[in-house]
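Asks: If you want the building blocks of each chain, they are given just below.
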Amino acid sequence: MQKIDKYELIAMMILFLIGTTPLYELGVGAKQDAWLVVIVAMLAGLLLLLVYLFIQKGNEDRNLFEILNQHLGRILGTIVTVAYIFYFSYESMRNTREFGDIINISFLPKTPLSLLMLIMILLSAYAIFKGTEVFFRVVEFLLPFTIFGYFLIFLMFIVSKNIHLERLQPVLEHGIMPVIREAIPKVISFPFGEVVVFLAFWKHLNNKKNLSKLSIFSYLFVGILLLIFNLLNLTILSPQILSITTLPMLRSVRLIEIADFLERLDPVIILLIYIGIFVKMTAFYLGAVIGLSYLIKISHKKLTIIVGAFIYTISFAAPNFIYHTWIGFTRNLMYDFPVFQIWIPLGLAAVVMMKRLFSRKRKRTRGT
Amino acid sequence: MRPFFKSKQGSSQQQGKNEQPSEFNMPEIILSKYLDVNVQMIKEMTGDSSDIIIRRLDQALGKPIHVAVIYTDGLADEQIINNSILKSLTQIQADADSSLDPPKQVLGWIKHRFLAIGQVTDIDTMKNLFDAILAGNTVILVDGTAKGISASSAGGEQRGVDEPQSQTVIRGPREGFTENLRVNTSLIRRKIKNPNLWIVDRTIGRVTQTDVAVMYIHGIASDDVVQEILKRLDRIDIDSVLESGYIEEFIQDATFTPFPTLTNSERPDAIAGAILEGKVAILVDGSPFVLIAPITIFKLFQSSEDYYQKFDIATFLRLMRIIAFVFSMLLPSMYIAITTFHQQMLPTTLLISLAAQREGVPFPAFVEALAMEITFEVLREAGVRMPRAIGSAISIVGALVLGQAAVQAGLVSAAMVIIVAFTAIAGFVAPSVSLSNSARLLRFGFMLLAATLGLFGIIAGLMAMLIHLAGLRSFGIPYLIPLAPFSPSDQKDALVRVPWWAMLKRPTLISKKNIKRLKSIQKPSPSKDEQEQEQ
Numbered sequence: 001m002q003k004i005d006k007y008e009l010i011a012m013m014i015l016f017l018i019g020t021t022p023l024y025e026l027g028v029g030a031k032q033d034a035w036l037v038v039i040v041a042m043l044a045g046l047l048l049l050l051v052y053l054f055i056q057k058g059n060e061d062r063n064l065f066e067i068l069n070q071h072l073g074r075i076l077g078t079i080v081t082v083a084y085i086f087y088f089s090y091e092s093m094r095n096t097r098e099f100g101d102i103i104n105i106s107f108l109p110k111t112p113l114s115l116l117m118l119i120m121i122l123l124s125a126y127a128i129f130k131g132t133e134v135f136f137r138v139v140e141f142l143l144p145f146t147i148f149g150y151f152l153i154f155l156m157f158i159v160s161k162n163i164h165l166e167r168l169q170p171v172l173e174h175g176i177m178p179v180i181r182e183a184i185p186k187v188i189s190f191p192f193g194e195v196v197v198f199l200a201f202w203k204h205l206n207n208k209k210n211l212s213k214l215s216i217f218s219y220l221f222v223g224i225l226l227l228i229f230n231l232l233n234l235t236i237l238s239p240q241i242l243s244i245t246t247l248p249m250l251r252s253v254r255l256i257e258i259a260d261f262l263e264r265l266d267p268v269i270i271l272l273i274y275i276g277i278f279v280k281m282t283a284f285y286l287g288a289v290i291g292l293s294y295l296i297k298i299s300h301k302k303l304t305i306i307v308g309a310f311i312y313t314i315s316f317a318a319p320n321f322i323y324h325t326w327i328g329f330t331r332n333l334m335y336d337f338p339v340f341q342i343w344i345p346l347g348l349a350a351v352v353m354m355k356r357l358f359s360r361k362r363k364r365t366r367g368t
Numbered sequence: 001m002r003p004f005f006k007s008k009q010g011s012s013q014q015q016g017k018n019e020q021p022s023e024f025n026m027p028e029i030i031l032s033k034y035l036d037v038n039v040q041m042i043k044e045m046t047g048d049s050s051d052i053i054i055r056r057l058d059q060a061l062g063k064p065i066h067v068a069v070i071y072t073d074g075l076a077d078e079q080i081i082n083n084s085i086l087k088s089l090t091q092i093q094a095d096a097d098s099s100l101d102p103p104k105q106v107l108g109w110i111k112h113r114f115l116a117i118g119q120v121t122d123i124d125t126m127k128n129l130f131d132a133i134l135a136g137n138t139v140i141l142v143d144g145t146a147k148g149i150s151a152s153s154a155g156g157e158q159r160g161v162d163e164p165q166s167q168t169v170i171r172g173p174r175e176g177f178t179e180n181l182r183v184n185t186s187l188i189r190r191k192i193k194n195p196n197l198w199i200v201d202r203t204i205g206r207v208t209q210t211d212v213a214v215m216y217i218h219g220i221a222s223d224d225v226v227q228e229i230l231k232r233l234d235r236i237d238i239d240s241v242l243e244s245g246y247i248e249e250f251i252q253d254a255t256f257t258p259f260p261t262l263t264n265s266e267r268p269d270a271i272a273g274a275i276l277e278g279k280v281a282i283l284v285d286g287s288p289f290v291l292i293a294p295i296t297i298f299k300l301f302q303s304s305e306d307y308y309q310k311f312d313i314a315t316f317l318r319l320m321r322i323i324a325f326v327f328s329m330l331l332p333s334m335y336i337a338i339t340t341f342h343q344q345m346l347p348t349t350l351l352i353s354l355a356a357q358r359e360g361v362p363f364p365a366f367v368e369a370l371a372m373e374i375t376f377e378v379l380r381e382a383g384v385r386m387p388r389a390i391g392s393a394i395s396i397v398g399a400l401v402l403g404q405a406a407v408q409a410g411l412v413s414a415a416m417v418i419i420v421a422f423t424a425i426a427g428f429v430a431p432s433v434s435l436s437n438s439a440r441l442l443r444f445g446f447m448l449l450a451a452t453l454g455l456f457g458i459i460a461g462l463m464a465m466l467i468h469l470a471g472l473r474s475f476g477i478p479y480l481i482p483l484a485p486f487s488p489s490d491q492k493d494a495l496v497r498v499p500w501w502a503m504l505k506r507p508t509l510i511s512k513k514n515i516k517r518l519k520s521i522q523k524p525s526p527s528k529d530e531q532e533q534e535q
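Order-wise, the sequence lines are chains A and B. Quick note on numbering: full-length UniProt numbering labels position 36 of the first sequence as 36, and the sequence is numbered without any gaps. Quick note on numbering: full-length UniProt numbering labels position 416 of the second sequence as 416, and the sequence is numbered without any gaps.
Hints should not be assumed to be uniformly reliable.
[Said to hold, decoys possible] Distance condition first, Cα-Cα at most 30 Å in a straight line; then the derived BS3-like pairs of lysine-lysine:
id, chain 1, residue 1, chain 2, residue 2
1, B, K492, A, K213
2, B, K505, A, K209
3, B, K310, A, K6
4, A, K209, B, K492
5, B, K492, A, K208
6, B, K516, A, K3
7, A, K209, B, K191
8, A, K3, B, K33
9, B, K505, A, K6
The hints are simulated quantities; they were obtained by calculation from the structure and are not laboratory data. Being a predicted model, the structure only gives us computed values, none of them experimental.
Generate the whole structure from the sequences, applying the supplied hints.
Replies: The following block contains the structure:
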């Protein structure tokens, strides 16, 4: 079996959660309180993470699909497994399309979108083709460079004197409710709830003792990083501009101007975003492959090709980028993703807990 | 009738198959009792080669005994033969009492009383005889006995130990390996005086019978790696091995990769250092290039000089090498991508000056870069082949005609010449030739990607390269160690080099056992008395 170690898991969780997130302004509906939305969502997401960890702890050597079939029975288990395979493929496709469109809009307007997305899918397929271990190693290698890159951007934001802290005021203008309504379930579902895919990978960790500690540590690290970038966007661009910008990060990076030399840094941010996108889409892709391999017993290589072709096909579903993001933020995050990120895991956790209680009771009655 | 015919055909084919590999193996012929027969057979089997010397004596040790002394001219040391063998046989007189039963005892006399030579062994077959004389030893045959003796006399003309040509250093030993296997093993032995330095011999090459030695330190090197290397060596079935490159292609982990999974060095100190880290060296007779396995990509950026210089400059140089490697791989493609797709990335003044330069150039940036790169590769190859005397001509042709004149003629832009020149120089920074070769090949791939997809193409190419590297292994060791998989203690000697007194452990993921290098951190500090004096 493929084994991953603790550094690989940390790197994976951090880069996965960063993903495309810095590109968008989370919780922009709450205007200048968007950063509070991130905090609330992060804490709520932490509870979700604990639920996932609880499920994994009870079934140390099984992945999500094995757990589902173990606890929900064969028929229901298979149905939910298929649903998860579609969900993971859909998430992977969302990332593919997003980045394809960003590149198409901001860098290569004359290159066909289909070619850009094909290259991205092929790269992900290549990584999965090589196996889980290799993919995790790639992510581990990318982590220091990515963190360094974000740190550099952060430094340049400070040096370029674009930050206006007064734009955060007034705090909680309309009370706490708008903040919570923004956070749940929108910001939980993207990006925090997406950790659900790790249920498919956690069983590969070689030393499971530290699982919870490592996961929570990386989760909080990313939470703080996202919070910082959320604040930066807010203070640099102001909530009014943010609410009408599709890609706020690209816009604020363009404001950096140092010594008439360091300017137009969007390629750097695009590179960082690409790393995040690659990690995220490949992780979901891999989750779908693992799920399908549980259902159909054919070779890993064939499955990679099948799932890849499926993701590539559905990535043409949206007619344009605006529609794609609109569907994502208004429909998927509100109604579709919470099913997979919140309701099914909660149900599963309940089943696991019930079973444990019953088996303990049975043991006790047998004992006396 | 038919089945019989068929089976006969089949059996003859099989026989033919069996015979082929043994074509060059010496048949097991036992020596004859008669000297004439033996000498005739040797002459027949060697085709009467002029360098196989057969010296016959009709009288030896003062008795009428027929003796033949056989050796290979050039491999054997003539002085040893003249002084220690022929002199003893012709000048010394045997005692009177020993004349009783000459032929049978003569060999014993020669061996035990008269031969002033250290290593003497008995031989009784033709195979032993040829093995001995082809190794430079001298064989003595006596008429009347079906046995002979071989006396060690290897020597002859040999090239002395020189300074290595390919990996020169400013500080460090000036010796390099030679073409002789024994000299090479002794150069390493002199550096590691430890009985745990083990050598395992193999003979590879049906025709050439080339000696290959595998050297490692028992107890530091991983047993799995050693076994794996020996297994792969034993699998080789080839007619000839003329250089370690033959072996390298047979035992490397992945053939279709631009990156080397084995590296080589001409420097005994580099090899000794590698062996001490738990690596395994493979020496091939006839080649001064010794193979090292397993390796990781960061090892390829290290020079043995890093360990002799102060740690701060060594760290700086290592980072420089990595940057130079990236430049030599990506610079032309970056230029293509930025000038073709992403002009907005350049500061305005630079953009204007570049645009002005490119105004008269009739080709797209990609064609321009490709032409210049190919020109440079041709110049470089010509520089290697060209006789020394005309070497200076090439620099004039290269620099003036192809550089300046091409710019003045408006064929290429001046910026392009700068880019190509810097790329070329950066390519020579890598201490390992095999690594700079991989950058050389990848450069063209990246240029193509940049010309079609701009920066996105370069990023995609880098990602594909990274996935490939992460999947690569060298004898079971992941290629990106110690960054992926990450190992905190190995960071001391990867991208940076910490001072020697802080390098507590050997690379842990290569040699899993016996990793302790120092007992404790031995940070040098002035003694207490001195400190008090200062106060």
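Asks: Are the hints correct? Go through all of them and say.
Replies: Consistency of the hints with the structure:
no., hint, in the structure
1, B/K492 <-> A/K213, "holds (27 Å)"
2, B/K505 <-> A/K209, "holds (27 Å)"
3, B/K310 <-> A/K6, "violated (34 Å)"
4, A/K209 <-> B/K492, "holds (28 Å)"
5, B/K492 <-> A/K208, "holds (28 Å)"
6, B/K516 <-> A/K3, "holds (26 Å)"
7, A/K209 <-> B/K191, "violated (45 Å)"
8, A/K3 <-> B/K33, "violated (68 Å)"
9, B/K505 <-> A/K6, "holds (21 Å)"
Checked against the numbered hints listed earlier, the structure breaks hints 3, 7 and 8; every other hint is satisfied.
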